[in-house]
Amino acid sequence: MMAQAMYDSLSLAEKAEFDEGTTQPAMLYLLDSNDAPSEGQRRVLVSSLSTVIREQAGAEEEVLVLEEQLEEARSRRDALSKLADKHHGALSLLRTIPPELLSQIFVHCLPPDDHYPSSRTPPLTISQVCCAWRAIALRTPRLWSTVGFILSEVSRDEIWTSLMKLWLARAGACPLGLTYTCPGIDARECTKYLVQNLSRCRRLELHLSTVVLTTDIPSVDLPLLDSLIIYANYPHHYWDQDIDAFNLSPMLRSFSLVWDNKTQRSSGSRYPIVHFVLPYSRLTELELTGLYYVASILKVLENCETLETCTIKDCETHPLLEDLESLPDVCLPSLHTFDLGAVDSTIILLRMLTLPSLRHLHVGSNGELTSPPVIALLSRSRCQLETLKLSFYKRFFRRSADFLEFARSMPSLTTLHLCCNRPDRIQFWDDATLETLTYKPAKNNSSPCLLPNLRDLNIKVRGPDDANVSAEIRLELESQPSSDVAEAFLRSRSKHWVANSGHAYATLERGYVGVYLPGGDWRFWSLSESGEVVTGHPDQANWKEYQSDSDDDA
Numbered sequence: 001m002m003a004q005a006m007y008d009s010l011s012l013a014e015k016a017e018f019d020e021g022t023t024q025p026a027m028l029y030l031l032d033s034n035d036a037p038s039e040g041q042r043r044v045l046v047s048s049l050s051t052v053i054r055e056q057a058g059a060e061e062e063v064l065v066l067e068e069q070l071e072e073a074r075s076r077r078d079a080l081s082k083l084a085d086k087h088h089g090a091l092s093l094l095r096t097i098p099p100e101l102l103s104q105i106f107v108h109c110l111p112p113d114d115h116y117p118s119s120r121t122p123p124l125t126i127s128q129v130c131c132a133w134r135a136i137a138l139r140t141p142r143l144w145s146t147v148g149f150i151l152s153e154v155s156r157d158e159i160w161t162s163l164m165k166l167w168l169a170r171a172g173a174c175p176l177g178l179t180y181t182c183p184g185i186d187a188r189e190c191t192k193y194l195v196q197n198l199s200r201c202r203r204l205e206l207h208l209s210t211v212v213l214t215t216d217i218p219s220v221d222l223p224l225l226d227s228l229i230i231y232a233n234y235p236h237h238y239w240d241q242d243i244d245a246f247n248l249s250p251m252l253r254s255f256s257l258v259w260d261n262k263t264q265r266s267s268g269s270r271y272p273i274v275h276f277v278l279p280y281s282r283l284t285e286l287e288l289t290g291l292y293y294v295a296s297i298l299k300v301l302e303n304c305e306t307l308e309t310c311t312i313k314d315c316e317t318h319p320l321l322e323d324l325e326s327l328p329d330v331c332l333p334s335l336h337t338f339d340l341g342a343v344d345s346t347i348i349l350l351r352m353l354t355l356p357s358l359r360h361l362h363v364g365s366n367g368e369l370t371s372p373p374v375i376a377l378l379s380r381s382r383c384q385l386e387t388l389k390l391s392f393y394k395r396f397f398r399r400s401a402d403f404l405e406f407a408r409s410m411p412s413l414t415t416l417h418l419c420c421n422r423p424d425r426i427q428f429w430d431d432a433t434l435e436t437l438t439y440k441p442a443k444n445n446s447s448p449c450l451l452p453n454l455r456d457l458n459i460k461v462r463g464p465d466d467a468n469v470s471a472e473i474r475l476e477l478e479s480q481p482s483s484d485v486a487e488a489f490l491r492s493r494s495k496h497w498v499a500n501s502g503h504a505y506a507t508l509e510r511g512y513v514g515v516y517l518p519g520g521d522w523r524f525w526s527l528s529e530s531g532e533v534v535t536g537h538p539d540q541a542n543w544k545e546y547q548s549d550s551d552d553d554a
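Under the numbering used here, the first residue of the sequence shown is numbered 1, with each subsequent residue one higher.
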């Protein structure tokens with residue numbers, strides 16, 4: 001278009017000279033081609049170029065003027081937008097909220113777990129909004145009453161001490177929830193200030209070396225302490241001493257002790273839990289994780305008269321140091337939840353305990369755990385078990401008859417999760433077993449099915465990982481259970497299956513049966529929300545949900 005305009009601006013003589021010897025306007029043709037101009041055309045082009053340059057300069061000036069006007073308009077728009085925001089802010093109902101209510105809102109903005117001082121999280125972010133909010137935040141002690149301090153290897157003791165003093169001063173007289181991590185470094189001033197404030201703590205979590213626990217933490221009155229969590233590491237020769245720093249805590253109800261497994265295994269050391277002197281008789285929650293002697297654990301449990309929940313992980317026996325024949329029998333009358341995870345001496349603990357109030361049992365063992373100790377515990381305790389989650393290796397059930405005896409011992413069960421890892425045989429999980437769980441109309445006053453109250457079933461059998469297993473084991477994994485029997489069982493007990501609306505044994509809300517085949521494939525059957533049975537491979541419906549649950553159990 002510009003070329004056409006330039007051509008139209010030429011005089012008749014220039015057009016004639018330029019078009020000489022051509023059948024179309026030569027200007028348009030020449031500017032859009034690679035042909036060389038004639039001498040006459042060159043003179044016309046030079047004259048035209050000067051005109052183009054003048055008009056280009058004018059256009060540039062016009063663009064600059066318009067850009068300046070546009071920038072001014074944008075600046076004015078942004079200024080008006082900010083002014084409008086200020087007007088909206090001034091008219092906001094937030095400004096009418098009483099400071100007392102705003103203070104409560106700030107408290108609910110805190111992270112759910114223990115948080116560490118950071119300019120990107122409350123309460124520091126709240127105090128940086130404006131002067132008014134900062135004043136309210138500083139007048140709200142609860143905002144500063146829960147905090148964690150992590151001293152790294154490069155931390156400076158005096159800086160962290162100053163930070164702790166400032167932060168805890170803002171907490172006023174509020175009970176404290178403190179997490180303190182000191183990885184074996186020299187931070188005596190910081191630890192000393194922590195000790196000065198222990199009496200204010202309602203919840204206390206310590207990540208400390210045994211050196212600090214035995215030398216820097218004295219015994220003090222802890223009138224408010226309700227929950228105590230200790231992560232200890234770095235074994236030390238002070239282990240022969242009693243640690244009684246937390247014994248004077250009349251309100252203590254929850255105690256968790258975790259020892260650094262890597263350090264203990266590398267040194268070959270063991271730390272008996274009895275060296276922690278605590279008011280065990282008042283505890284309702286207890287968690288012990290690490291390598292402890294069974295005798296030490298039982299000695300502690302003997303004193304836990306009011307214990308309601310207990311978790312024990314990584315426990316082992318030491319035949320040279322423990323007299324297993326003299327282990328005491330322990331009865332915990334109030335314990336309703338018991339979790340034994342990855343415990344080598346699970347069988348010994350199960351044999352020594354009586355738990356009449358037990359409702360929820362979770363056992364994970366990498367040893368030779370079998371069903372008789374669990375059945376004996378339930379029979380001895382005479383408890384009404386509701387939840388059972390087992391993760392075991394090899395043969396927990398030797399045959400299907402073992403599973404039937406196991407199921408008959410707990411008719412009150414509502415949740416059953418079994419994860420069998422790399423068994424050498426899976427004879428317990430066959431069609432005959434599933435048929436005992438399948439609802440069938442009762443005959444001769446017999447029970448229509450086992451586990452009549454079952455609501456949540458998750459059975460996972462993991463076969464050997466090696467694809468080159470024997471043909472006999474492969475045949476078992478690929479044929480048991482059969483698809484027809486598995487589907488009939490799940491559908492007969494499904495709470496959501498329309499045809500089951502008439503019988504009382506249709507209690508199953510979640511059901512999953514899965515077998516891991518050598519080579520990495522799965523066969524599974526699970527219930528959908530409508531009560532239909534989904535079969536096939538793990539990329540189908542419900543798989544992710546059940547996979548997550550089973551992995552947690554394992």
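By construction, these hints were calculated from the structure, which means they are not laboratory data. Glycine residues also receive a C-beta, built at the ideal position from the N, C-alpha and C atoms. One should not assume that every hint holds.
Unchecked claim - Straight-line alpha carbon distances no greater than 25 Å define the calculated DSS-like cross-link-like pairs of lysine-lysine that follow: (1) Lys495 with Lys440; (2) Lys299 with Lys313; (3) Lys165 with Lys192.
Unchecked claim - Restraint ranges, calculated between C-beta atoms of paired labels, are given here: (4) Tyr116 with Lys495: 43 to 49 Å; (5) Arg382 with Gly536: 39 to 45 Å; (6) Ala173 with His496: 29 to 35 Å.
- Restraint check for Lys299 with Lys313, where alpha carbons must lie at most 25 Å apart: 16 Å, holds
- Query: Is it true that Tyr116 and Lys495 lie within 43 to 49 Å of each other by Cβ?
  - Reply: For Tyr116 and Lys495 the Cβ distance comes to about 45 Å; the hint holds.
- Item | Cβ separation of Arg382 and Gly536, checked against the hinted range 39 to 45 Å | 42 Å, holds
- Message: Within 29 to 35 Å: is that where the Cβ-Cβ distance between Ala173 and His496 falls?
- Response: Once the Cβ atoms are compared, 54 Å apart, the range 29 to 35 Å for His496 and Ala173 is violated.
- Given pair status - Lys192, Lys165, alpha carbons within 25 Å: 11 Å, holds
- Message: Tell me if the straight-line CA distance from Lys495 to Lys440 falls inside 25 Å.
- Response: Within the cut-off at roughly 15 Å; holds.
Of the numbered hints listed earlier, the single one contradicted by the structure is hint 6.
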